[in-house]
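Residue numbers (my numbering), protein chains in the order written: chain Y, 1 to 327; chain E, 1 to 289; chain G, 1 to 369.
A few of these clues could be false.
[What the hints assert, rightly or not] In silico lysine-lysine, DSBU-like type, Cα no more than 35 Å apart, as pairs:
#1 K74/G / K253/E
#2 K322/G / K62/E
#3 K62/E / K50/G
#4 K249/G / K216/G
#5 K259/G / K75/Y
#6 K75/Y / K164/G
#7 K158/G / K176/G
#8 K114/G / K208/G
#9 K158/G / K62/E
#10 K97/G / K322/G
#11 K173/G / K253/E
#12 K62/E / K360/G
#13 K206/G / K75/Y
#14 K289/G / K96/G
#15 K62/E / K249/G
#16 K253/E / K367/G
#17 K96/G / K334/G
#18 K289/G / K259/G
#19 K75/Y / K114/G
#20 K259/G / K50/G
#21 K96/G / K62/E
#22 K208/G / K75/Y
#23 K289/G / K75/Y
#24 K74/G / K208/G
#25 K286/G / K367/G
#26 K208/G / K289/G
#27 K143/G / K206/G
#28 K62/E / K74/G
#29 K173/G / K96/G
#30 K253/E / K334/G
FYI, nobody ran anything at the bench for these hints, they're computed from the structure.
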Amino acid sequence: MAAVQVAPRSRRLPSFLGAANLPDLTFRGIVFVIGALGLVGIIALIVGSMIAESMPAIRAFGPSFMVSNVWDPVKRQFGAIPFVYGTITTSLIALIIAAPISIGVALFAVEMAPPWLGNAISVIVELLAAIPSVLLGLWGIFVMVPFLQRVVEPWLIDRFPGVPLFEGPPYGVGLLAGGLILAIMVVPTIVAVSRDVVVAVPIAQREAMLALGATDWEATARAVLPYCRSGLLGATILGLGRALGETMAVTMVIGNRADISASLFHPSYTMASVIANEFTEATNDLYVSALVEVGLLLFGVTIVMNMIARLLVWSTARASEAQLRMA
Amino acid sequence: MPAIVLQTTPKMAQRQFVDRVMGALLSLATLIALAPLVLVIAFILGNGAAGINLDLLTQLPKPVGELGGGLANAFVGTAILIALAVLMGVPVGILAGVYLSEFGHSRFASLLRFLTDVLTGVPSIVIGIVAYSAIVLPMHSFSAVSGGFALALIMVPVVTRTTEEALKRVPQALREAALGLGVAEWKSILFVVIPSGMGGIVTGVMLAVARISGETAPLLFTAFGSRFWQDGLNKPIAALPLQIFQYAVAPYKDWHNQAWAAAFMLMLLILGLNVCVRVLTRSGFQRVR
Amino acid sequence: MVAGVRVTAPFIAGILLSSLLAACGGGSSVPPVPAGSAPASAAAPAAGGKVNLTGAGSTFDFPLFTKMFDAYGKQSGNQVNYQSVGSGAGIEQLTKKTVDFGASDAIMTADQEKAAGAPVVHIPVTLGAVAVGYNLPGVTGLKLDADSLSGIYLGTIKSWDDPKIVALNPDLKLPKTAIAPVERSDGSGTTYIFTNYLSAVSPDWKSKVGADTSVKWPVGIGGKGSEGVAGQVSQTPGGIGYFELAYAKQNNISTIAMKNQAGKFVDASVAGATAGAAGAAANMPKDGKALIVNAPGDSAYPISGFSWIITYQDLADATKGKALVDLFTFSTTKGQTYSEALFYAQLPQQVQDLDGQLIKSLTIAGKPQ
Numbered sequence: 001m002a003a004v005q006v007a008p009r010s011r012r013l014p015s016f017l018g019a020a021n022l023p024d025l026t027f028r029g030i031v032f033v034i035g036a037l038g039l040v041g042i043i044a045l046i047v048g049s050m051i052a053e054s055m056p057a058i059r060a061f062g063p064s065f066m067v068s069n070v071w072d073p074v075k076r077q078f079g080a081i082p083f084v085y086g087t088i089t090t091s092l093i094a095l096i097i098a099a100p101i102s103i104g105v106a107l108f109a110v111e112m113a114p115p116w117l118g119n120a121i122s123v124i125v126e127l128l129a130a131i132p133s134v135l136l137g138l139w140g141i142f143v144m145v146p147f148l149q150r151v152v153e154p155w156l157i158d159r160f161p162g163v164p165l166f167e168g169p170p171y172g173v174g175l176l177a178g179g180l181i182l183a184i185m186v187v188p189t190i191v192a193v194s195r196d197v198v199v200a201v202p203i204a205q206r207e208a209m210l211a212l213g214a215t216d217w218e219a220t221a222r223a224v225l226p227y228c229r230s231g232l233l234g235a236t237i238l239g240l241g242r243a244l245g246e247t248m249a250v251t252m253v254i255g256n257r258a259d260i261s262a263s264l265f266h267p268s269y270t271m272a273s274v275i276a277n278e279f280t281e282a283t284n285d286l287y288v289s290a291l292v293e294v295g296l297l298l299f300g301v302t303i304v305m306n307m308i309a310r311l312l313v314w315s316t317a318r319a320s321e322a323q324l325r326m327a
Numbered sequence: 001m002p003a004i005v006l007q008t009t010p011k012m013a014q015r016q017f018v019d020r021v022m023g024a025l026l027s028l029a030t031l032i033a034l035a036p037l038v039l040v041i042a043f044i045l046g047n048g049a050a051g052i053n054l055d056l057l058t059q060l061p062k063p064v065g066e067l068g069g070g071l072a073n074a075f076v077g078t079a080i081l082i083a084l085a086v087l088m089g090v091p092v093g094i095l096a097g098v099y100l101s102e103f104g105h106s107r108f109a110s111l112l113r114f115l116t117d118v119l120t121g122v123p124s125i126v127i128g129i130v131a132y133s134a135i136v137l138p139m140h141s142f143s144a145v146s147g148g149f150a151l152a153l154i155m156v157p158v159v160t161r162t163t164e165e166a167l168k169r170v171p172q173a174l175r176e177a178a179l180g181l182g183v184a185e186w187k188s189i190l191f192v193v194i195p196s197g198m199g200g201i202v203t204g205v206m207l208a209v210a211r212i213s214g215e216t217a218p219l220l221f222t223a224f225g226s227r228f229w230q231d232g233l234n235k236p237i238a239a240l241p242l243q244i245f246q247y248a249v250a251p252y253k254d255w256h257n258q259a260w261a262a263a264f265m266l267m268l269l270i271l272g273l274n275v276c277v278r279v280l281t282r283s284g285f286q287r288v289r
Numbered sequence: 001m002v003a004g005v006r007v008t009a010p011f012i013a014g015i016l017l018s019s020l021l022a023a024c025g026g027g028s029s030v031p032p033v034p035a036g037s038a039p040a041s042a043a044a045p046a047a048g049g050k051v052n053l054t055g056a057g058s059t060f061d062f063p064l065f066t067k068m069f070d071a072y073g074k075q076s077g078n079q080v081n082y083q084s085v086g087s088g089a090g091i092e093q094l095t096k097k098t099v100d101f102g103a104s105d106a107i108m109t110a111d112q113e114k115a116a117g118a119p120v121v122h123i124p125v126t127l128g129a130v131a132v133g134y135n136l137p138g139v140t141g142l143k144l145d146a147d148s149l150s151g152i153y154l155g156t157i158k159s160w161d162d163p164k165i166v167a168l169n170p171d172l173k174l175p176k177t178a179i180a181p182v183e184r185s186d187g188s189g190t191t192y193i194f195t196n197y198l199s200a201v202s203p204d205w206k207s208k209v210g211a212d213t214s215v216k217w218p219v220g221i222g223g224k225g226s227e228g229v230a231g232q233v234s235q236t237p238g239g240i241g242y243f244e245l246a247y248a249k250q251n252n253i254s255t256i257a258m259k260n261q262a263g264k265f266v267d268a269s270v271a272g273a274t275a276g277a278a279g280a281a282a283n284m285p286k287d288g289k290a291l292i293v294n295a296p297g298d299s300a301y302p303i304s305g306f307s308w309i310i311t312y313q314d315l316a317d318a319t320k321g322k323a324l325v326d327l328f329t330f331s332t333t334k335g336q337t338y339s340e341a342l343f344y345a346q347l348p349q350q351v352q353d354l355d356g357q358l359i360k361s362l363t364i365a366g367k368p369q
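Construct the entire structure; sequences and hints are all you get.
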């Protein structure tokens, strides 16, 4: 191999800037400045704004904000635990319902359906993403909630008496309704990204399995899915992000009551909802500051949930690597 | 020569059964996923069919009780806001995705990747508050620019992540082939890698556009809304989701009809945009071979 | 087919681009449909030209304002852009000087007035009756009083056949259904009026909960916006909730006749609200900041309240200031005629007179008018 001239690396610049020639350096520079620094700037702007706005509340309440369950604007006592509970629970419900269904749709559209149908399904599902959140919420109030109240919840109460998850009068609104509507909002995201992930699996993988005598499902489950496992998890994480931050639709069907209860039928309250509900009418600076602090807390919850998801990805990647090495 | 008969052993029968059941389950999943869409569209049409007419696209809003108003300025306003958001957000998003995918092997890049994921979960109302403090307050005025900025802030993390994932899926062999042919790095990224990943990039951008076109909260304190034609990018601007929201929550049937009709047309527009952009970039839905 | 699509896509891109350019260039290049208003211009026009005003605040006022300001626009040629962002947000925007005037269903708090920096004036512009709706199929003409209503929302009265309710409605057959109270989850002027009423008539409520645009409710489910509360009540058998009168009419929800201070049962109506304001007018403070819940008078509906236009006492910009004074005068006199058709209550004459004085007290660029 001929020797390649490499430009000497400057010790002060990050190694990524040590490109060999000017055009490459310029390109890397543009990508770095606009892309990476732009992103850093956005993160800094959002986090910085939120911290600055919530300082009064942080100073006033300290750590008790995160464990207290009293939210009283009149008496100026603010504690955020009920909202954390509501957010995490509805997001988990949404993901548990939406992830399998979405991945199923992606598999159906790519592996099972004829190309024209697969394309049509993808485009139609993405339409779901375009429905204004407030209209989905209104549909929720006038169609989904009565359905839950009159059909689903009484049925669940009858079939599973005594189970704490299904206790309480069937209001219709509540954790279940919130989780369901989030699931509906999250499906397009997970489907769209999963679809791209599955499409990218080389056809040779599938064909090799089929040649070995596998059924269609086995080829999908054992050749395609493991190949794109981390991509599918990435799609789910994107969906999780959507679920955690969704505001309008959830707030219309969740009952907006700052309580913690094991029952799915009990009204609840999410962090995004309380901010959306009360921000425009917050009458004093401490109130506004407390609301922004809830936003900061949501940021924290998102970080924790993302870290857990990443650990999952990392550990399954390691497990499959170990399997490969043993084979 | 006797025909070869494949005997179905019990094990094989079980596997075929599983195959059929899973096939049915996948079809069921698709139906379940499509059901809410069908129901919501039926609901929107049911409530808004009365309001779908040309007036909606050509007339300015009229006060309550006067017939014949429309949402023309809101349609134009939303188009302007989306254009601004795409102009401000997509380049940053795509370039950030390129950085993370092609050059992102350091700890800094890992942190950036992680924070981008977290950013996709920030509630849109918080983003609206940020854009308000950053642009509206110094300007002492609501404006289209601040609205576009808020929407761009929502778009960037989504576009970044989907671009990165799309580019990561481009086989390394392609890059190595370009290198082997002596193509400069910047050319290989710009003309080989990115076009290969165009499908995924377009998906990300269209997903982000669909999402921001329905967002109300970030526009409350930035674009502000207007009942008149646009007056300049530094003035308040009408936006479809804002108007739809105001009309949908008011107690007047006439306004409800307009809101539902406008929502239906918004969805049609997004669908049209989606199809057009996919054809324009010829990124379709082909499978990588 | 492909050629057709190849043409469409750039066409759509072209529309987006041209709308962007149109926005930069000013409104005159956009389709000439708008009725009545002259082409927009970005800078403040010379005297006699069109003035652009922006206002923000109460969602309750929004529909009425669209009618009033449109009529004012036709008469004066000025453009008034009012958006409903919420009373608190409207006051905030006025304070930050991003809008020319605000509108609020709640009187400004001491904190808000301090943040405003300069004196502000509250000008009552309209009246609303907060209806209490219920969902009991087959039961019409329900009556309640202060005691029973506060008991329901405090959680002490849990069932529709509670003796206190039965006592007030001897001729009605009340079922044994559980009461499902619904309240506003988002901050709102309607909650402000409702909780002020409960605080005025129930010392228990006043000490346990208090009055504000947003409170910690002892019981009940929170609906978002009046349409959320109305929707929830109409879907929940046994439900009860409070919202503006227009929503009760829109959703065909039966409303409760409340016992007023004079001992009479009055149903929610615009006439009842006007009567309440008239009854309170005699004792109204000169700055217009009056709560008229539980007002005296035979036909007064006890759960009513004003909505105010909030403005700085000194209007800094001379051209805008003159237009603002014009606008306020129109809204509190001729504009009142649009109220009833939209289920708002007209200001009684005494209050309109008070408004005249308040408007006269405004100064333009430091000088009296």
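Task: Given hint K360/G paired with K62/E - CA-CA distance at most 35 Å - done: holds, 31 Å
Task: Restraint status (C-alpha distance of K62/E to K249/G at most 35 Å) - done: Status holds; Cα separation ~22 Å.
Open item on the list: Holds or violated: K289/G and K96/G, Cα atoms, limit 35 Å.
Closed with: Holds. K289/G to K96/G sits at ~22 Å (cutoff 35 Å).
Open item on the list: Does K75/Y sit within 35 Å of K259/G, going by the straight-line distance between their CA atoms?
Closed with: holds, 30 Å
TODO: Verify the proposed pairing of K259/G with K50/G, using a straight-line Cα cut of 35 Å.
DONE: With Cα atoms ~49 Å apart, K259/G and K50/G exceed 35 Å; violated.
Open item on the list: Between the alpha carbons of K75/Y and K164/G, is the straight-line distance 35 Å or under?
Closed with: holds, 30 Å
Open item on the list: Against the 35 Å threshold, does the CA-CA distance of K322/G and K62/E hold or violate the hint?
Closed with: The hint holds at about 25 Å.
- [ ] With a cut-off of 35 Å on the C-alpha distance, tell me whether K253/E and K367/G pass.
- [x] violated, 46 Å
Task: Given hint K334/G paired with K253/E - CA-CA distance at most 35 Å - done: holds, 26 Å
Task: 35 Å limit on alpha-carbon distance, applied to hinted pair K289/G and K75/Y - done: Holds - the C-alpha atoms of K75/Y and K289/G are around 23 Å apart, at most 35 Å.
Open item on the list: Tell me if the straight-line CA distance from K173/G to K253/E falls inside 35 Å.
Closed with: Distance ~33 Å between K173/G and K253/E Cα, so the pair holds.
Open item on the list: Check whether the Cα positions of K74/G and K253/E lie no farther apart than 35 Å.
Closed with: Satisfied, since the Cα-Cα distance of roughly 25 Å is no more than 35 Å.
In this structure, the hints that do not hold are numbers 9, 16, 20, 24, 29, in rising order.
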